[in-house]
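**Q** Keeping their order, the protein sequence lines are chains Y and P.
387 is the number of the first residue of the first sequence in the working numbering; add one for each residue after it.
81 is the number of the first residue of the second sequence in the working numbering; add one for each residue after it.
Hints may contain errors.
[What the hints assert, rightly or not] Sample of chain P residues facing chain Y (criterion: CB under 7 Å; computed from the structure):
1. P104
2. E125
3. G127
4. K143
5. G147
6. F157
[To be verified] Derived lysine-lysine pairs resembling DSS-like cross-links, with alpha carbons at most 25 Å apart:
7. Y:K1172 to Y:K478
8. Y:K713 to Y:K688
9. P:K156 to P:K143
10. Y:K1200 to Y:K632
11. Y:K1053 to P:K156
12. P:K166 to Y:K448
Calculated from the structure, these hints are not laboratory results.
Virtual Cβ for every residue (Gly too), placed ideally from N, Cα, C.
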Amino acid sequence: MSALAWLRSVGAKIFRGSETAEEMDEELRSHIQYRADDLERSGVSRAEAERRARIEFGGYEKIRQESHEALGGNFIETLLLDLRYSLRVLRKSPGFVVAAIATLALAIGANAVVFGIMDGLVLRPLNVPQAESLWGTEYGADSGFQSYLNYRDLRDRNHSFDGLAAFNFAFVGLDTGKEPVIATGFATTGNYFDELRIQPYLGRFFHSSDERGPGSAPYLVLSYAYWHSHFQDDRGVIGRTVQVNKHPFTVIGIAPPGFRGTLLFASIDFFMPIVNQEQVGGTSLNERGNFHEIFETFGHLKPGVTAAQAVADMRTVGAYLEQNYPKEFDQQSSTLGRTGLTSFGSAVRAFMTALMLLAGLILLAACANLGSLFAARAADRSREVALRLALGSSRKRILRQLLTEAVLISLVGGTAGLLGSIVLLRRLSVWQPFPGAPIHLPVTPDAKIYVVALILALVSAFLFGIVPVRQVLRVNPYEVVKAGSSAKVGRRLSFRDVLLVLQIAICAVLVTSSMVAVRGLLRSLHGNFGFEPRNTMIVNTNMSMAGYRGDEMPAMQKRMVAAMQTIPGVERVGLVNNYPPLVYASASRANVFKEETSDLRPSNTAAMPYRYEVSPGYFGAAGTALLAGRDFSWHDDKNAPVTAMANRNLAVAMFGSVSEAVGKYFKLQDGTRVQVVGVVENGKYLSLTEDEQPAVFFSFLQSPASQTCLVVRSRRDPQQLLAAIKGKLREMDSGLPSDIQSWNALLEVVLFPARMATMALGVMGLMGAMLSITGIFGMAAYSVSKRLRELGIRIALGAQRKEVLQAALGRAVKMLALGSAAGLVLGILASRVLASIVYGATPRDPVVLAGVVVAMALLGLIATWLPAQRALSLDPLVLLREE
Amino acid sequence: MPDQAQLLPGTLDLLILKAVSLGPLHGYGILLRIGQISGSALLIEQGALYPALFRLVRQGLLKASWGTSENNRRAKFYELTAAGRKRFREETEDWNRLAAAIGAALAAQAEEA
C-alpha cells in the first residue's frame, strides 16, 4: 500500500472512530433520559427519576467499554490507551529511552542530511521547464565537441536536438562606477535562454538574432542574486552601461530568481554573449583544436528521440569532423549526461550513492541495536506479558502496544534528527567553501525531506519493533508465571546475537573506511606535490580587466615580478599563465610529437603533457627542483627560438632519460620544433589522485596570456605580505583588480572532495563506533543482569575473577571479535572504492589494520567496563538471600 | 419486580431481533417492547442491551439510522436487515425445537414398568 493510501485509511479510521464514540455516548445518554421521563411520569421528582434511571442502566463506563468492543474496537481509543501505557512504561526506564532516541536521532538525521544533499545535486532536475528532456554533452578531454567551431558543427549537423546551446565560464572585472570587482559569469551562445525556455524577471534576454559576429552583442544579463546583492533590487539598472574588463556593456535584463545558471554547484553573477568573449580577453572562438572555449553543450531532445539515438547521431557528426579536420579533431567517446553536473555527474552520483548507502547502513545498525535492546526488554517483561495474557488480553493487543512504544520512540528520535539535519542543511546552502570560487551547494530542505524522515522513522520503528514479536508469540503464560523471571539463558545463537554481530560488522566497516580515508588524507597532505605550497602567495591578475593589449601584457607582468621582488621578506618571485598546478583543477594539455614525425594528426602524438607557460624563476619560487639543464631566462622571448622544459616523466617518455633529454627537440601540433633546455622533477598537476603525468613548460614571453598568477615565496608568514603586495599593485595600476590568496588556501579546492569524503566518513565512523558501544554495552549489561544469581553462586563456590568475567562477558567478547573480523574484511573491500576519491587511500596499510583492531578492542573495553565491574562486585550473600 | 426470570445466555440477541421485527425501534423502545411482549417476565439489565445491539449491527443483522422519537428527542432507530430477518427466522425455529425438546424431556413421566 502506498504511504498516502495508508495515511488516508488511518485518517478515515480515526475520523469514523471519534464519530461513533460521540454517537454512542449520545445514544446511551438518551436512553437514560427516556427512562427518567417514564419514571417522572409515574410520579417521582425529576432529580430522583434521573438518579434511578442511571442506577437501572448499570455501570456506564463498563457498558461503554463493552460497546466499543462490540463495535470491533476503536482505533483512536485503543491508540490513546496504548500511548498512555507506553508513556508510563517508558518513563520507568529513562536511560533506555534517551539512548534509543539519541541513536535514532543521529541515524535518521544523518540520512536526512545525505538525502538533502543528494536531492539538491542528483535527484532534482535543473530549475527550468521540461528539464527531463534536457541533455548535456559530457565535458572533458575525452569529448571532441568542446571547441566553439565543433559546437557549431554539432548544432547544425545533428538531427536529434531541438536546438543546442553552450556556455563557458567568464571571469571578468566588472566596473559599475565604483571600484572594479571580479565577477563570475557564463559566456553563452545567443540561444542559451531560448533553449532553456525561461523568461527574464526584468528587461529582456539576448537571442541568436543578437549575434552578428565577434563583439557584436555587448549585453549583460544579471542573475537575480547578484542584482539583489550588488544593485539592491534597483529596477533602473536596465539600460545602464557598465564596464566589463574596460569594455562598455549594457545591462538588458535580470534572470528569474530560481535560475542560477546551468551548473548546479556554481552561483553565477551574470550572463554575456559568447561572441563577446574574445573582446573581453577570453579565448578566440576560431580554433577548432581548442577544447576550452565551451564548458558544456546542451539542448532539448526532439520528441520521440531517445538518448541512445542522439549519441549515435553525435558520433556520426564526430566521424564527419574527424574526416574533415584530422589534425584538430580526434573523436573519442561522446556521451550524453544530465545537464547541471556535466562530467562531474558520475563522480558526484557515485559519491552520493556511496554516502547514502553508508547512511543507510548506519540506520540499519541503529535498528539492529535497538532491536536487540527491545528484545532484551521484552524478555525482561515476559512476566508482565504473561500476566496480561493470563488476564485475557490478546497477543495482538500486546504486540500492538509494543509496536506503539517503538513508533513513539522512533517518531521522537526522527523529529529530533530531522530538526538537526535541517539546521545543518540550511548552513550548507549558504556555505561558500572557497572564498575565491563561485561554488555553493544547492540544498534547500523541503517537504521531501520531511517525508523521507517520517518514512525512515516508521520503517525503523517496524524494523526494531518486530524483533521481539516472535518472543511474545512464544510466551506461555502458565510457564512464565510459575517459573518466575529467572528464565534460562539460551546457549545457542539467538536472533538477538545475530543482530548484534551484524551491527558490529557494519560498525567495523564504517570504522575501517573512515580510518582508510583519514590515513589517505594525511598522506596526501604531506605528500610530494613537486612544489612547495607553504609560505607562498598566489597573486591572480587579468591584464585584460585593466585594458592591456598584446605586448603591453608581458611587459606589465615582467614589471610586476620585479616589483614583488623589492618587497622586504620576499625570497623568490615567479609567474605562471592561468593557474599554477593543482589550483581550480585547471590545466591544458599539449599534443607533442617526436621530432621525426611528419604526419601531425592527433593519433600520432608521442605524449599529451600538461602545458604551462612560466616565467624565469618560476621553478625557484614554486620550490620545484631543476634536475638537469637550465631554467628559462628573460632572453627566451619572442625573438628567440622556442624552447621548453620538461618534467622527468616527459623526458623519460620521449628521450629515455633525464640527461638524454636536454638539448633534444620535439614537435608541436603546428609543426614548431622545440628544444628542451631543462628538466624538472615530477609533480601533481590536476588532482592529488592522478598517476605520474608528463608536463611541459614554455616561456611565458613566447606565448603571452592576459590571466596570470604571480608566485610570491617569502621567509615569513606570507599573509603579512598581503598589504605590501596590494600596495605595490595599486602603485603600478590602481584599475587592475587582483585576487591574492596563499597557495595552501587554493589547494583546499583540490583537497575538497577528499576532505568532504574524509569528514563524512569520519562522522559515520564515529557514529558507527558509538552504536557499537551502546550495542555491546546493552548486550553485556543484559547478560550480566540476567545471570546475577548464577554468577553469585559461582563466586560463592570460589570462582576466580577471570572465570567470572569469562562467564559473564565471554559471549559479548566473542561476538565483538566475530563482528569486527567480518567488518574489517568488508571494510577493506569497500575501501577500494575510496581510493578513487582520497589520494593514497589503501586498506593494505598495517597502520589502518592495526588501528581498526585497536579501535574495536577499545570500543569493546569501554562497552563492557561497567557490566564487568558489576559482575565482579557481586556479593553472593546478598544476592542469594534476596532470591 | 417479582417473578422475573434471568435471561439464558444468548437469548438477548433473539429477543432484540424479535422486538425489532415488529417495526423500527430505538434502544429504550426495544427494552419496552421486550417487556411488553414478555409480560415483564424477563429481567434485562438496561445497559447490557447496547453492547448486544452494536454487535448485531456489526454482524449486519440490524441497521441503524438517526431519527426523531415520538417526544421529539433525537434517537437512533434500529431495524432488521434482510440477513437479520433470515437469521431471526432460523433462530426462532432453533429455539422452538430446543424449547419443545427440553419441554418434552422435562414433561416425561416415569414409565410404568
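**Q** Indicate, hint by hint, whether the structure satisfies it.
**A** Verification of the supplied hints:
| no. | hint | result |
| --- | --- | --- |
| 1 | P104 | violated, 15 Å |
| 2 | E125 | holds, 5 Å |
| 3 | G127 | holds, 4 Å |
| 4 | K143 | violated, 14 Å |
| 5 | G147 | violated, 12 Å |
| 6 | F157 | violated, 11 Å |
| 7 | Y:K1172 to Y:K478 | holds, 19 Å |
| 8 | Y:K713 to Y:K688 | violated, 32 Å |
| 9 | P:K156 to P:K143 | holds, 10 Å |
| 10 | Y:K1200 to Y:K632 | violated, 74 Å |
| 11 | Y:K1053 to P:K156 | violated, 102 Å |
| 12 | P:K166 to Y:K448 | violated, 32 Å |
Checked against the numbered hints given earlier, the structure breaks hints 1, 4, 5, 6, 8, 10, 11, 12 and satisfies all the rest.
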